[in-house]
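2 protein chains.
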Amino acid sequence: MSKSVAFLGPEGTYTEEAAILHAPGARHVAYPSLPDVVAAVDSAEVDEAVGPIENSIAGSVNDIVDALIGKQKARITGELLLPIDVCLIALPGTSLSQIKRVRSKAEALGQCRRFLTEHLPGVVLEPYDSTAGAVSSLFAEDGTVAALGPNRAADLNHMAVLKTGVQDRTNNVTRFVVIGREAPGRSGRDKTSIVFDFDREDAPGLVYAALKPFADAGINLTKIESRPTGEKIGVYYFLLDFDGHEQDDDVRSALAELQRHTAMFKVLGSYPRAELRAD
Amino acid sequence: MSKSVAFLGPEGTYTEEAAILHAPGARHVAYPSLPDVVAAVDSAEVDEAVGPIENSIAGSVNDIVDALIGKQKARITGELLLPIDVCLIALPGTSLSQIKRVRSKAEALGQCRRFLTEHLPGVVLEPYDSTAGAVSSLFAEDGTVAALGPNRAADLNHMAVLKTGVQDRTNNVTRFVVIGREAPGRSGRDKTSIVFDFDREDAPGLVYAALKPFADAGINLTKIESRPTGEKIGVYYFLLDFDGHEQDDDVRSALAELQRHTAMFKVLGSYPRAELRAD
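Same order as they appear, the protein sequences are chains A and B.
Residue numbers for the first sequence follow this note's numbering, beginning at 1 and rising by one.
Residue numbers for the second sequence follow this note's numbering, beginning at 280 and rising by one.
Please keep in mind that the hints were generated in silico from the structure rather than gathered at the bench.
C-beta: ideal position from N, C-alpha, C; glycine also.
Check each hint, because a few of them may be wrong.
To be verified - Quick look at which bits of chain B chain A covers, simulated, 3 or more residues with Cβ under 8 angstroms:
| hint | stretch |
| --- | --- |
| 1 | 316 to 327 |
| 2 | 422 to 430 |
Said to hold, decoys possible - From the derived model, a few chain A residues whose C-beta atoms are all more than 12 angstroms from chain B:
| hint | residue |
| --- | --- |
| 3 | 20 |
| 4 | 54 |
| 5 | 72 |
| 6 | 73 |
| 7 | 209 |
Said to hold, decoys possible - Computed beta-carbon distance windows for the label pairs:
| hint | chain 1 | residue 1 | chain 2 | residue 2 | range |
| --- | --- | --- | --- | --- | --- |
| 8 | A | 260 | B | 546 | 41 to 49 angstroms |
| 9 | A | 155 | B | 532 | 52 to 60 angstroms |
| 10 | B | 495 | A | 124 | 52 to 60 angstroms |
| 11 | A | 27 | B | 539 | 35 to 43 angstroms |
| 12 | A | 122 | B | 374 | 19 to 27 angstroms |
| 13 | B | 495 | A | 183 | 33 to 41 angstroms |
| 14 | A | 260 | B | 364 | 35 to 43 angstroms |
| 15 | A | 141 | B | 386 | 22 to 30 angstroms |
| 16 | B | 439 | A | 186 | 31 to 39 angstroms |
| 17 | A | 260 | B | 495 | 44 to 52 angstroms |
| 18 | B | 447 | A | 113 | 18 to 26 angstroms |
| 19 | B | 488 | A | 140 | 33 to 41 angstroms |
| 20 | B | 444 | A | 199 | 41 to 49 angstroms |
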C-alpha cells in the first residue's frame, strides 16, 4: 500500500499542493484541523503529514507547534519551501470585464491588493474561510464572480485560470513542515527546531541568557519567537530554529546548557534544510 | 464632535468590543482590513484605531506592524488586554439538543473543541470568515444551527446566548493596541515596541548581539519575534517589546547601541503597559 500523507483540508489548498510536492505517489488524506493532522501521525493513523509553519496563507505555525508539544511520537522530519502562486479563477468563458465580485481568504485578498486595484477597480471583496472553498463556491454563481486561489483548486473544480501570479509580492513563499514518527539522521545540512519555557513569569527577560550557549558555540539561529501560552498573559514559550542536528556535538552541548535555564524543553525535530529551487 | 476610533469590522467582533472598552463615548468606525485601519489614522481620517496584536481570534499582529513600518504619523499609543469570552449563540428559543451545526471562525471552533465534544457531540463544524459574520448568518437558518462568537454580536443581531465562556482555556486573553498620532509621555509604567532588520541574510544569527545592549542595561524584554519579510526566505525583521519609555536614558542608550547593528529601525511606540483587571 502506498504511503499516506495527511494535510489540512479541504482539497485544492496550497497545503495539498505541498503534500503532493513532498510525496507525489502517496495517498493524500484531508483532515479538518492542524491538531487533527498531527494527532493522525502520532497515532499512526497516517504515515506522515504536511502543514504550513511560516508566512502562510493557509494556516498558522502555532497550531502545529502546540499540537507537537504534547505528542510522544510525532515530530518534524522535514521542511518544504513552496512559492505561493495566487491565481484569478472564474467559470470557463468569463472575461475580466464581467467580474463584479472577488472572493478568497481575507489574507489572499490582502496579498493581491495591488492587482485588484489596478485591474479590477471597484469590485466587491468577499472574505471566505479557505481559498479552495472560494473556488468551489463559484459553481453556484454566474460569471460576475471570481476567486483568488491555487491552481490546483481550479483544476479540481474545472474552473478557468484567468491570470496566474496576481499576488503583490513576487517572492511569496510559504514554509511547510513534514511531520513523521522517525527521526532522520544527519544529512550534513540540517536544522533543528526546539520549544521551551521558563518557570518565571518575566521569562522574556531570560531569553538573552538562554541564547548564550548558541552564540558561544557559533550556532546560527534562523528563527526566534516568543509566544503567549494562552494560559496567562506574561507567560511565554519560545520557539527556536537553528542550523545543525541534535546529534552534533556542539548542538548537544548547547542544548544541555540551555536546559539548565528552562522549565519545559522539547526538540520538535532535526531535519534537512530546504533550499528554494531556482526557476 | 466626539472622537472617532477605527476598528477592523464587521460590527460585533471582539475588536469592536475592545474599541468600545478603550473609548466608550467615541464614534466607532468599521474598516475592511487592518492596513486600512492604520492608514485611516495616519491620514487623520479618524483620531485613533484599535486592533489585535497577540493571541487573537480576530486578526494578526503582522498586518498592523507591516502597516506601521511605512507610516509617518501613525504609532502605537496604548494597549488593552481583553479576556475573550466565547458564547454559544442561536436563534431565540433554541435548545442545545436541537443543534446540528455550529459555525464560527476556524480559530474559535478550535478553541472550543472540548465544549463541543462534551456538549454537542457529532455536530457539523462550519468555518466562517468572522465570528460576527457567523452570528449574523443565523438569520437565514432554522434552530438547528448555532454560532460561536462575542456577546456583542448576539446583542446586535437580537440572538440568544445559550452559554457563555465555552472556550477551553479560561484565561483566553487578547492583546489589542491603540493606534494614534500623538506620542504619549512617560507614565512610569511604560513599554516600548520596536521593529528592525539587518542588512545580512543570515540576520537571525545577529540577534544575540542585538539583544546585548538591553541585557547590559537590565531592560526586561517582554516579547521577541523574527518574522520573514515576505521578500525572500531567509530575510527577517525583528519585533521587540521591552519595559521602559523611549525617553528613558537607559532605553535611549540601548536603542542607540542597537542601531549600530541594524539596517531598518523604527520605534513603533512607547505607551503605558496594560494590566489585566481582576474580576
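Status of each hint after checking the structure:
no., hint, result
1, 316 to 327, "violated (count 0)"
2, 422 to 430, "violated (count 0)"
3, 20, "holds (20 angstroms)"
4, 54, "violated (6 angstroms)"
5, 72, "holds (20 angstroms)"
6, 73, "holds (21 angstroms)"
7, 209, "violated (8 angstroms)"
8, A:260 / B:546: 41 to 49 angstroms, "violated (34 angstroms)"
9, A:155 / B:532: 52 to 60 angstroms, "holds (58 angstroms)"
10, B:495 / A:124: 52 to 60 angstroms, "holds (54 angstroms)"
11, A:27 / B:539: 35 to 43 angstroms, "violated (54 angstroms)"
12, A:122 / B:374: 19 to 27 angstroms, "violated (45 angstroms)"
13, B:495 / A:183: 33 to 41 angstroms, "holds (39 angstroms)"
14, A:260 / B:364: 35 to 43 angstroms, "holds (40 angstroms)"
15, A:141 / B:386: 22 to 30 angstroms, "holds (27 angstroms)"
16, B:439 / A:186: 31 to 39 angstroms, "violated (59 angstroms)"
17, A:260 / B:495: 44 to 52 angstroms, "violated (22 angstroms)"
18, B:447 / A:113: 18 to 26 angstroms, "violated (35 angstroms)"
19, B:488 / A:140: 33 to 41 angstroms, "violated (56 angstroms)"
20, B:444 / A:199: 41 to 49 angstroms, "violated (28 angstroms)"
In this structure, the earlier hints numbered 1, 2, 4, 7, 8, 11, 12, 16, 17, 18, 19 and 20 are contradicted, and the remaining ones agree with it.
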